[in-house]
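*Asks:* So the chains spell out like this:
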Amino acid sequence: MNVHGLEFPDSLRYAPEHSLWLREEADGSLTVGLTAYGCALYGQIFAFTPKRVGARIERERSFGVVEFAKAASSARSPVSGELQAVNEALLKRPALINQDCYGEGWMVRLQPENWAAVRDEFPLGETAAAAIAERMRLDNFDPANAHVQALQWK
Amino acid sequence: MEHPPSQRVLILVTSGPSIPARCAAPFHIATLLACMDAEVTLYLTGEGVQLARREVAESLRAAEGGEPLQHFIRNAKQAGARLLMCRQPGVQFDPATLIAELDEISSGGELAQMILEYERVLTL
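Same order as they appear, the protein sequences are chains A and U. Everything in the first sequence is counted per full-length UniProt numbering, starting at 1 for the first residue and increasing by one. Everything in the second sequence is counted per full-length UniProt numbering, starting at 1 for the first residue and increasing by one.
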């Protein structure tokens with residue numbers, strides 16, 4: 001699906017408040033990455049530093065820090081769980097997030113707690129598109145001017 | 001949901017306008033630490049108290065062509081860091097000349113207390 005010119009694969013779940021996507025893996029873990037909207041907000045990402053594998057992450061707490069041109073920001077976890085893996089390729093090539101945010105630019109893998117109870121909070125498809133569009137509206141996001149906004153953000 | 005207690009980090013900022021290249025780093029480190037959920041206090045002391053003067057914060061640049069110090073101070077504050085300045089006996093500052101980001105002017109005794117209580121103390 002496409003929201004204001006940005007791509008959001010239909011197969012993924014989304015946490016619009018966090019500008020993150022979530023993919024449910026066969027082993028019950030969640031792969032997490034930044035959405036195209038998150039990339040537009042941050043602009044060019046210079047570094048992503050995750051917490052250590054094995055760390056317990058509470059919901060709304062940081063699983064890492066993203067550094068970009070003008071500042072840095074927490075990557076906050078939409079679920080509680082254990083940090084099971086990090087994308088080590090990003091340590092050397094953080095630009096992968098900008099280049100392929102839904103593929104090689106994935107950020108971390110979490111083993112969520114009580115996923116069945118919170119799963120429906122993370123929409124798919126058209127419900128996700130509406131929530132992302134609403135997030136953009138609240139942020140006063142102007143898709144025609146995304147690059148400039150990325151530089152001014154924060 | 002209750003969050004576990006954060007690690008507390010105290011950053012003593014002793015660098016000032018005589019060494020511009022060292023002045024942005026404490027604030028950037030504070031930003032990163034706060035983004036990692038640490039509870040961060042920046043404490044301006046020694047020459048570092050000069051950084052709380054608006055005219056210094058707006059004009060001082062750690063790198064030629066880079067952002068003024070105020071940019072790094074604001075980032076640290078937005079990330080959640082607290083900014084304190086040492087009360088220096090005999091040195092008077094007009095509060096109107098100080099940056100709005102300053103949370104408090106604090107005593108040396110309060111600094112000593114924080115040094116004893118915090119998990120990490122850095123001097124930058």
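Take these hints with a grain of salt, some might be off.
Claimed, not checked - A partial selection of chain A residues facing chain U, derived with a Cβ cut-off under 10 Å:
#1 Glu24
#2 Glu25
#3 Gly28
#4 Ser29
#5 Val53
#6 Gly54
#7 Ala71
#8 Ala75
#9 Arg93
Unchecked claim - Label-pair ranges, simulated between beta-carbon atoms:
#10 U/Asp94 with A/Gln99: 19 to 25 Å
#11 U/Gln113 with A/Glu134: 44 to 50 Å
#12 U/Arg61 with A/Leu138: 42 to 48 Å
#13 U/Ile105 with A/Phe46: 30 to 36 Å
#14 U/Ile115 with A/Leu124: 47 to 53 Å
#15 U/Ile19 with A/Arg137: 44 to 50 Å
#16 A/Met1 with U/Pro95: 31 to 37 Å
#17 A/Glu121 with U/Gln78: 22 to 28 Å
Simulated from the structure, these hints should not be mistaken for laboratory data. We put the beta carbon where it would ideally sit given N, CA and C, even for glycine.
*Asks:* Need the list of violated hint numbers for this structure, in ascending order.
*Replies:* 1, 2, 3, 4, 5, 6, 9, 10, 12 and 16
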